[in-house]
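Engineer: These are the residues of each chain, in order.
Protein chains: 4
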Amino acid sequence: MIGVGVIGYGYWGPNLVRNFIETNGCRVVAVCDAKVERRALVEQRYPGVKGVSSWRDLVNDPAIDVVAISTPVSSHFELGMAALEAGKHVLVEKPMAMNVEQCSRMIDEAARRKLVLMVDHTFVYTPAVRKVRELVTSGSLGDIYYYDSVRVNLGIFQHDVNVIWDLAVHDLAIMDYVLPERPVAVSATGISHVPGGHENIGYLTMYFTSTIIAHVHVNWLAPVKVRRTLLGGSSKMIVFDDLEPSEKIKVYDRGITLNNHPQNVYELLVGYRSGDMWAPRLDTTEALSLEINHLIDCIEHGTHPETDGEAGLAVVRILENGTLSMRERGRPIELDSRVTERAGARQSL
Amino acid sequence: MIGVGVIGYGYWGPNLVRNFIETNGCRVVAVCDAKVERRALVEQRYPGVKGVSSWRDLVNDPAIDVVAISTPVSSHFELGMAALEAGKHVLVEKPMAMNVEQCSRMIDEAARRKLVLMVDHTFVYTPAVRKVRELVTSGSLGDIYYYDSVRVNLGIFQHDVNVIWDLAVHDLAIMDYVLPERPVAVSATGISHVPGGHENIGYLTMYFTSTIIAHVHVNWLAPVKVRRTLLGGSSKMIVFDDLEPSEKIKVYDRGITLNNHPQNVYELLVGYRSGDMWAPRLDTTEALSLEINHLIDCIEHGTHPETDGEAGLAVVRILENGTLSMRERGRPIELDSRVTERAGARQSL
Amino acid sequence: MIGVGVIGYGYWGPNLVRNFIETNGCRVVAVCDAKVERRALVEQRYPGVKGVSSWRDLVNDPAIDVVAISTPVSSHFELGMAALEAGKHVLVEKPMAMNVEQCSRMIDEAARRKLVLMVDHTFVYTPAVRKVRELVTSGSLGDIYYYDSVRVNLGIFQHDVNVIWDLAVHDLAIMDYVLPERPVAVSATGISHVPGGHENIGYLTMYFTSTIIAHVHVNWLAPVKVRRTLLGGSSKMIVFDDLEPSEKIKVYDRGITLNNHPQNVYELLVGYRSGDMWAPRLDTTEALSLEINHLIDCIEHGTHPETDGEAGLAVVRILENGTLSMRERGRPIELDSRVTERAGARQSL
Amino acid sequence: MIGVGVIGYGYWGPNLVRNFIETNGCRVVAVCDAKVERRALVEQRYPGVKGVSSWRDLVNDPAIDVVAISTPVSSHFELGMAALEAGKHVLVEKPMAMNVEQCSRMIDEAARRKLVLMVDHTFVYTPAVRKVRELVTSGSLGDIYYYDSVRVNLGIFQHDVNVIWDLAVHDLAIMDYVLPERPVAVSATGISHVPGGHENIGYLTMYFTSTIIAHVHVNWLAPVKVRRTLLGGSSKMIVFDDLEPSEKIKVYDRGITLNNHPQNVYELLVGYRSGDMWAPRLDTTEALSLEINHLIDCIEHGTHPETDGEAGLAVVRILENGTLSMRERGRPIELDSRVTERAGARQSL
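If you read the protein sequences in the order shown, they are chains B, W, D and G.
At position 19 of the first sequence (counting the first as 1) the number is 248 in our numbering, and the numbers step up by one without a gap.
At position 87 of the second sequence (counting the first as 1) the number is 316 in our numbering, and the numbers step up by one without a gap.
At position 198 of the third sequence (counting the first as 1) the number is 427 in our numbering, and the numbers step up by one without a gap.
At position 163 of the fourth sequence (counting the first as 1) the number is 392 in our numbering, and the numbers step up by one without a gap.
Possibly wrong hints are sitting among the right ones.
Same chains, same label: a pair holds when it works inside one copy or across any pair of copies.
[As the list claims (entries may be wrong)] The calculated lysine-lysine pairs, modelled on BS3-like cross-linking and capped at a C-alpha distance of 27 Å, are:
id, residue 1, residue 2
1, K454, K360
2, K479, K360
3, K264, K279
4, K479, K279
Think of the hints as simulated: they come from the structure by calculation, not from any bench.
Based on the provided sequences and hints, a complete structural model is requested.
Structural biologist: The following block contains the structure:
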């Protein structure tokens, strides 16, 4: 029975606790929150769970094997390193940390100690995103041409990070899971409408070695909520609308055909194809439940999770450089290519 | 009775001819097209109209007072200059010409000869866009924060220009009409998926002296058609969806309120406001009919049209520099600020 | 070359004339309209076509082989009979006539003279409805359970007929084409909100020998336009939304499964099935073009059209009895079963 | 502190318990369910609440002042009468009981003992429905012309009642709250596709003394979920779409104008009006929370609730007679007019 400790019982923490409680093979030992009323709430709901005020006590509790961190991103590095150094496996909220340097040090520490380090890229565990990956990797879409996402609403203006850290992080995590490559350059633009505040509108473009292009549009100041991703391929194209109650994924048999040996360069180069649309049935399993079962399985078998530290770092690298580009009105920035190969999920630690 | 000559009877020319025919105060004298079957078609439909094969004949026809040019953009400068030099007023398709230099020379020529030079920015004459401008200029929206537009579909890959010249041109024309300022810098990204072809996906960001930001997303390779613009202001926000059959414009009483003297910088800076939504009734007049009546009126009274050469040049400046930025992965480019003041529509020539 | 005469050049007549003009194998000889400006309009548009003021002259013109009637329904019988008696084939707008008696006499007259009698049930020739029929007749849907349609908008209040004659007629024509049976009873409800006017809201329920049920809701006084049909089967179910620009037909692999030998009558009787959704690509041919080609083909080969007099009569029988039921608050009325068998389309006259 | 007992902890019971727990002025004493695992669940979640197996014990518990009944409709009368006879106030699920006779006896019993008898017509307490009533009673809509509702999905086939008892009950409760009159006649049609089962498709038409007409379409066998109500008035019209996440209520300034003294009866009788659309902001309070606070308030002050026994009876009268009509293919049935006046909400018991 794996002992679980959760740090942070604010917006997301209650979901983590509820799902750990309902997962076989683990038990929640303690939940840490700085606010006394949050600790009281958790003890009222779950009489067997301790509410603790000091994260150091939780991290050093010998009954705890894995620490889940759902606190503001600026604290992830300190808490995560302390947990790893205390020999605990770690599940950390996204974004993984404030910069690539912090991510690298956490990855190294986990590797040295053979501990599981998992980043809570929840979307990766949704039936919709798993279906998208299945369609990409099976070759149904053909060559991937682009990933284009709009993620806007009237949202909470965060105090410690800008809108791309808050919203684009979801798309970067999805891209890291479904695309065959990682980006090699980023150009981002954006602006703040609150004096002294972080950017509340952001646009990221990412380039790849191939002709894939990716673009993410995020906005905390939109009058309507939109969550729509287009994924274009040479054979088929996907529209993923996360606000649709049932048909979240629509696959269109539409696109162009290229004539490589045209007689007349102008007329014959591009042909158009328009076929059926198909919306596959999706499972209704809660993503977080699937994710936590996967975490427990990785701990039990000593294997890498699908959303490991390398995935977390890949996302943070884009956020960090994207923010830099954004402050220089879109100046393109090359991304370090040394670690752009995909980490070996399900390999031994 | 103003004599009209139309050059180009392909996709858009028939709409021009039909609307000139139905407009009082003018008559269509001749239509020029290189293809014999198009000339036959126009003569069959309109027995009193001459089909001519030489645009020089049309331009020099003394019965013609105004020349409308609906040919590929690469020919706009040559045809437009010839018409102006022959003393004809000119209506030219958008984009006005291939670069700022060509636009400037056309503007100068028209000014010297006191001729009307109008660019066919059709959207400016739609009831929806005129309502948006009315809401902006009346102050209903408050300070403008952003203009964000998505204009994608599975579209014809043009041979002589990229997707921003083909699709973003609509948004740049709308922005030039509704926004209180013109942009001072542009960063654009995009890519071509056809070897040797022009970019078929493009993203433009435009910066202004104030904190307005504008972004346009265009794509010839999308599985679904989207025509949606968000216009955010400090008081209200607009969603303009051109594919809606009736409620094209929705005005949302939503946004944030800034507390300039917060006691606690983190908690009190931003407040949220959520009120009613309102969709004003729009006229159903055809935009092109309104536009051509305006052209005839400008010719009769010797005044500048709302979409004059300066408006056409402002749009081409962004297209030209955006394409440059796009080929350098988003490198920001400053726009010449000397001509950023709005031209005086309805002033004397 | 088949000579065509068209009576009525109001709302629909111009569409008929345009399509006859563009159809090979026939030529439009004359168009009759009581209003002089309509006759002038047709002659201006089509110099070779005569505008005539007397329908008797048109009907007796030896150059005319087929008469198309697009006048108010109250005149269909007189005009249709006169044309048949003059030995002309007839295409008549829907509804075919004011009552079953009139329809029967027209059918008999056409049969005696071996003339083609076609009713302009245009929807039957749309790619969407033809796809629906294909799905029904191929067995893809399984047993048909129901047909349910909503056809409402803010519409013109007709002077001579109520809303079911104006709008439900479309659904009755579609049902007659796609369903495997004809109804055996009707119950209808409705009301008029204009003193002395015809009913502007109507609801028709139709019963069949099997457990199919059909229902049509029509309304001239709705704030929004809806054109949506649900077609439920034991294997699959269709949503047909005629206002969708591209995916008009969606096929859902959803439904129930019946357990005929349940152990526990309450728990095991009904199971639920939820699978993929699929939107087949549809042709984009104009329905009226397909319909008129079919008419010419039937005349040339002496065969029954798909929408012959029997189809027209079947629709009118429901309208006539539905109106009767509506005036008695839904009193159910049995439909004469003698002629409920489907007419033999494409059989010899 | 009012003591609460809840009978039935299946689908809806947990929502009742949770809301009673969170409401000031009352405490949940006991919850009764026949299944031991449900009683265990309630005790695990709420340590201070007793799980009991006998509803008689609960009804006779002196610590309990009000009994909430969320069991199948066939048990409502027996449980409700027992609670009233034991001197308890009663909140009963909708539909109130199996027939008008049962409802009348419950009303009489509550009246004699001066107890609160409330029916859980939850929709009446939603912000959307309260806004609709406000618009109707303020006269904004003008004279009411019609109420038309579609409430369909792939739903659970109930064992003891047909689809109108399960789904149309919501519309009947809303109509009873928002319309100025109660119906005087009903005609219903429907069918069962499960041998021996209750009707799974139903259509109800209701007539009123004025020219209001109401129609409700319910279906357990639809491939898509629809929850849409049209409410037409002489001045404005409402579309209420309960599946819209934010703009549930849209008010259209559209309709007809009647010319009572036309010169030409055909041309001038009906004029058309098309104006703005407006979507009022709605509160986001949970309906059940508002409802339970209202119940506690009624008990404390000895007043009638808004959804009292008379409202429950009015709904059941239509369900009972609608089912009768449905089995006779729409035969119209007059409704007893003696009790069609609206009960005096908030009057003393």
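Engineer: Hint by hint, say whether it matches the structure.
Structural biologist: The hints, checked one at a time:
1. K454 <-> K360: both (23 Å within a copy, 23 Å between copies)
2. K479 <-> K360: Intra 11 Å, inter 21 Å, cutoff 27 Å: intra and inter.
3. K264 <-> K279: within (14 Å within a copy, 31 Å between copies)
4. K479 <-> K279: neither (45 Å within a copy, 49 Å between copies)
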